[in-house]
Amino acid sequence: MDKMEVKGFLNQWKGKLKERYGHLTDDDLKYEEGKDDQFWGRIQQKTGKAKDDLIKWLRDQG
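Following numbering that gives the first Met the number 0, the numbering of the sequence shown begins with 0 at its first residue and continues without gaps.
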């Protein structure tokens with residue numbers, strides 16, 4: 000997944016992630032330019048899911 004794809008879908012994904020994983024905070028979902036690994040690392044740590052699994056789930060959500 001490239002950076003533009005992450006940025007393009009980020010607001011939509013934040014809502015879906017919060018619905019599915021209610022314990023995620025705005026800080027957990029904060030995206031900073033050039034810090035993709037940190038972004039996905041926080042989400043993986045909080046959900047216990049692998050990045051690829053999260054991305055697949057998000058894409059399946061439409």
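Fair warning: there could be bad hints in the mix.
Listed next, the in silico DSS-like pairs over lysine-lysine satisfying Cα-Cα at most 30 angstroms (straight line) [said to hold, decoys possible]: (1) 34 with 50; (2) 34 with 17; (3) 50 with 17; (4) 29 with 45; (5) 13 with 29; (6) 29 with 48; (7) 13 with 55; (8) 13 with 50.
Pair by pair, the computed Cβ-Cβ distance ranges are [unchecked claim]: (9) 33 with 59: 14 to 20 angstroms; (10) 10 with 59: 25 to 31 angstroms; (11) 61 with 33: 23 to 29 angstroms.
Derived by calculation from the structure, the hints in this document are not laboratory data. Think of the CB as a built atom: it goes at the ideal place given N, C-alpha and C, for glycine as much as any other residue.
Hints versus structure:
no., hint, in the structure
1, 34 with 50, "14 angstroms, holds"
2, 34 with 17, "20 angstroms, holds"
3, 50 with 17, "16 angstroms, holds"
4, 29 with 45, "13 angstroms, holds"
5, 13 with 29, "9 angstroms, holds"
6, 29 with 48, "18 angstroms, holds"
7, 13 with 55, "15 angstroms, holds"
8, 13 with 50, "14 angstroms, holds"
9, 33 with 59: 14 to 20 angstroms, "28 angstroms, violated"
10, 10 with 59: 25 to 31 angstroms, "18 angstroms, violated"
11, 61 with 33: 23 to 29 angstroms, "28 angstroms, holds"
Violated hints, in rising order: 9 and 10; the structure is consistent with all others.
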